[in-house]
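Trainee: Here is how the chains run, residue by residue.
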Amino acid sequence: MTAREVNCANCGAPRRVENPGTLMFVCEYCGSAVYWDEGQVRASGQKAALTEGFTRLYRGASGSLRGKRFATEGRVRYSFGRGFWDEWYLRFDDGSTAWLTEDNHELCVEARVAEVPPPNGGYARVSIRGIDFVVEERGEAECIGAEGELPFVVRLGEKYRYVDGSSPDGKHAVGVEYDEDPANVFVGDWLVHEDIRLDDEGEDWA
Amino acid sequence: MTEAPTTSQGRLRPKLTPHDVKCPSCGGMLPQRSDATRFVVCRYCNAHLELGSVEARVLSKAEPRQGFDYAIDDVFVWHGGRYVVAARMVFTQSDEDGTSETVEYLLWSPRRGTLYLDFDDGRWLLSKMVHVMPQCEDPFSLQEGARVSSHDGEAWTFVESGTGRLVYVDGSLPWVAQVGDRVEYATFQSTHDKHKFYEVERDSGETEFCQIRVVSRAELHAATATQPKRATPGGPEAGEPEVGGPGASESSGTPGIGTNENARATAHWFLWMALVAAAFCITNLVLASRAARVGRVILTQTIPPGLHPPPAVTPAPPGAPEEDPDDLETGDDTDDSPPDPEETPIVGGVELNTDTFQLQAKSLLRIDLAAPALNEAWASVDLALVYDDDLATHILDGDLAHYNGDEDDAEEGPRTDTIFAWIEQPGTYHFLLRVMGGRGDTETPGDIPVPVTITATTEARAPAPLNHMAIFSGIASALLFVLFLIRRPRMKEAE
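Those protein sequences? They're chains A and B, same order as listed.
The opening residue of the first sequence carries number 1 in this note's numbering; numbering runs sequentially from there.
The opening residue of the second sequence carries number 1001 in this note's numbering; numbering runs sequentially from there.
In short, the hints are calculated from the structure, not lab data.
One thing to keep in mind: the hints can contain errors.
As the list claims (entries may be wrong) - Listed next, with one range per pair, are the computed distances between beta-carbon atoms:
hint : chain 1 : residue 1 : chain 2 : residue 2 : range
1    : B       : G1081     : A       : C30       : 33 to 39 angstroms
2    : A       : D195      : B       : R1123     : 41 to 47 angstroms
3    : A       : V113      : B       : S1100     : 43 to 49 angstroms
4    : A       : P182      : B       : G1145     : 43 to 49 angstroms
5    : B       : E1184     : A       : D169      : 21 to 27 angstroms
6    : A       : V113      : B       : A1225     : 46 to 52 angstroms
7    : A       : G12       : B       : K1196     : 37 to 43 angstroms
8    : A       : E201      : B       : A1225     : 57 to 63 angstroms
Glycine is no exception: its CB is placed at the ideal position from the N, C-alpha and C atoms.
Extracted from the complex, chain B is given alone in its bound form (with noise of 0.2 angstroms):
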């Protein structure tokens, strides 16, 4: 005796059994996800079945596209409801601004019913049919901007309308689809809520109505536990089922699409940072560049040799004081400090004060010596800045000396140098140098073997960290590309 079912007591859920369909085109057994559907393309010969009540029927053939970023079969969580990739939809739209693509992804639940997932206009959009109407006579032919309110006391403004035209499809629907199947639609966006879209939707026999969110990449991520990817148009897709034929697997999965994607990932990653790291450093070899330019130029004196012959060198006699060469310091010949044994005393060169100038406080000063003719030579240049004629505040020396390699003739050695000093007080400077050099390997000072030319700028700015920060991006650069073309091969592999 068959039991009737009472409220108190109902019948247990009879399981649900998928049953192959068999493909009348190939031959080849596809599941039937539900009793409802209607319409399947064959995952091996892609021909377009009808499901009838006893045997399927083809429609046509079509050819396999590439390029999803998701498979048939992908599961999605939404909210705790568990949904699989069913059928996947490519529309074109033709409106007043032209021609676009929208891909579609019907995402299907056994117990929840359908959401829509679709990529559109740069943008991931989740949509779910309602039954909520515009308050106004004909959505399709308002004027963009157009305010229209639902009638769930929403507020919307109209964005577009359109005819959007089936142009691919694969999968399984619950209803017969074909590709050139139309579809008005008029959209329409949240007036505070800019992620919020509500769509009106008419074909020849049904109006349907959908309101739609924007879903964030990290969502994807979430419901989906891998990544999105948009795919290079025409190349392989990862987690598509694979080309069996009749017989083959019927689960295409998705193995290995996070660590695939990972792999690219990494590697684009690397890519990027180092063209990043690239376009750091030539910015700031170029400020650094304009930094060397910046200033006001208030001195230019050049030293010509043989202003004075260089002295003898005669030691000094014992206990007597001995001149330091360093000790710049105006107005006091006599140094009463006992000699420092650790410096060798240096005779010889030309010392002598140059022209007078201006310095503003807080201001940093830029001296560029300069001997382009230095040649097998050296000179050095101590210098004195003198504030207000009897007063040394800043002490330095720059060295200068170019040699000519002994076998490929290569060059060594700087014919320039620059110094800064930070001036604190303002007023009259000048400077007071001591000026030495020699001839070949001669380290005993004498007069400068070519002419040095001192230049002073004022206000100028320092270099040297934009230079530092040149050098540390390019060679972060250069690692990070390194790192890249070793990802490379992987990532490649993946794709």
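One chain only, chain A, in its complex shape (with noise of 0.2 angstroms):
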């Protein structure tokens, strides 16, 4: 792994970046958007900064999910309209990624399965993998704020209609975006409290 040591494009503050899949960051001093475009690091223009310590992950928080470590590298927060929701980028050990989707202190790991097509956004189930899903819940979201190191380029106030769906037993989720043509496939696993561990989960209480 090959760390990079950049800057800033709107303040100038330095950043380490470790992951060679990161194309944008959110700069912790100034809030601004900081995305690389053609080798170039340039600011979006955008202050995308969000509040911290309300969720149950935080940009920079480690642990183990299922027993796999991982750590937190960013965070893309989306408004549905009536409330919000948050996506955690996770990288574990091994290298891999995940998202991990905490809304409402819900929470769900998934992992895009690009080879899937997306079945189109009139549906109410579809068979991944094997998998039976069932449609819960599908609207339009709105990208509100980021942090972190993220691996494509986040868009303040950008549009996009999802459908989220669970496998009939409700141990398996599905989330269709359409912000790309063909949409992108996530696929993934319900969590409940106890298979995260943080190593540091802070007071039960503030």
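Got two chains here, separate frames each, mind docking them using the hints?
Mentor: Next up, the structure:
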């Protein structure tokens, strides 16, 4: 793994980026969204900072997910109109990555399954990798903030349609994001509180 | 240089620092429980606020509602996790049976998420969201009693479906709630545990699934360390945040809620126990009254006065055997035993045998003596219950006396008396009576002044134990009511 030393294009603050897949980070000093464009580090001109401390996960948190060590590299927050949810970008010891959704403290870990053709937006059931899923929610998401390092460039205010579902037994989850064509499909598992152990859980109550 | 996260050593958790939101309606500062909070009801002016990224926006205003069992910020502990009441909602449900109301408390934990505590149809229900689905196409169109399995292997019976409408909300929520929001629901009950439920809910864009269990008041008590109460509708509510206006204390707290509840519960307990004791008293009185009438009359005989002239009172000669009027054993007129020096010899009156009657074994005989015309006089009846014409099995006596008081003409003394005798041996019996009396203050026994009626009833019931219980419970009822009256001011103070 090759670490990169970069500086914020807005305020010049130094940053060490270890994940080669990182395409964007949010400067923790000035809150600017910074991205790579043809080898150049550029500021998007947008403030993307999010408040911290209200979620179970946090940027830089380390711990284990079902016994597998991970570190939390970044977060993107989306609004679905009536509320928010967070997508945490995790990097595991073996170099693999995953997205962990925290929606009102309900946790779900998902990974992209690019080889599966996404269903259209009107479906109620879909089968992916032998697992049947049923749609529970559909709506429009708007990116309203980000922090840390991310594997793609976040554009604040960007909107896209999404569909979320679960396997009927409640164990597996699917998310389809219509932000590209074809859509991105993510499949994973619902987690219970005990599935994640953070090195610093903090107090149960602030 | 900023340290990038590593899996071996992560960054320390950033401090959770709640910040305030300023109500655009009244200027009150409201603590923001979470950065995911999207909706807050101002605790000062009841404005419904939608929280944006920069500022809050007033959606509407509502009248505050009283009568909740729990206040905003009340704390629950479930399975080691600490939750606070973040919001309170009231839904009305309309179904084929009519309209009902459910009070829902959103319990929030900064680490564990949310639980929902509902008071519905007289029960407390604790629910959590799951993603387990029912094995049916449309759970909202099932017939009552339909059996459905969920995909986790549980079996359920369809109970009802309907539509819930939000009619009240306060506190803060991670979504924007508006009065009038509707949600469809389909409720199922476990086939093997009547305290477990499963619900499917659906609104315009989302379907959710809940596992629900009934929680007892003891569980709630343990979770909150306060006893839940059903407050009087429209009445004041313990633990409610004080109406302090902008800048007042943000913490509602619940000081004294347990004390207040105890005062109320204690006063109510005394009142209820007084009512129970009064009911017990009345029941025993009724039973005693019935017992006094139970039985079969086998003898009614009236002894008129003047049957026998009263003999003169003559002292017995020294050394001569003295007749003991209490010694009524028949067939033996002589008594060689020495006279009892403590006993005053009683002479005079009428001695006679009544008609015979049959008595059964193991039965209770009630003997009623009555002299309704007795006035300013007394009468005494010594009686022997004689078996088979020659064996006195019971020696009994009854006293009647009736006098008018000197000052306000108050009457004193009974004109009736009741005696009981337990019969062991069946057979033919009669009474041997000695009846005597006197007028005025005379203590010298003579002829009875008025007729005396003796009535014998077999297979009777003794009302005395019931009377004693009635008296005891009556006294207890009075004492408990007095204690309630003593406690009532404290209860009103608590309310």
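Trainee: Would you mind marking each hint as holding or not holding in the structure?
Mentor: Here is what the structure says about each hint:
1. At about 37 angstroms, the beta-carbon gap between G1081(B) and C30(A) stays in the expected band of 33 to 39 angstroms.
2. Checked against the hint of 41 to 47 angstroms, the C-beta distance between D195(A) and R1123(B) comes to roughly 32 angstroms, which is inconsistent with it.
3. Checked against the given bound of 43 to 49 angstroms, the beta carbons of V113(A) and S1100(B), roughly 45 angstroms apart, stay inside it.
4. As the Cβ distance of P182(A) to G1145(B) is approximately 46 angstroms, the hint placing it in 43 to 49 angstroms holds.
5. With their beta carbons about 23 angstroms apart, E1184(B) and D169(A) fall inside the hinted range of 21 to 27 angstroms.
6. Checking the proposed 46 to 52 angstroms range against V113(A) and A1225(B) shows it holds: the Cβ atoms sit about 48 angstroms from each other.
7. Remark: the range hint 37 to 43 angstroms for G12(A) to K1196(B) is contradicted by a beta-carbon distance near 60 angstroms.
8. For E201(A) paired with A1225(B), a C-beta distance near 24 angstroms fails the hint of 57 to 63 angstroms.
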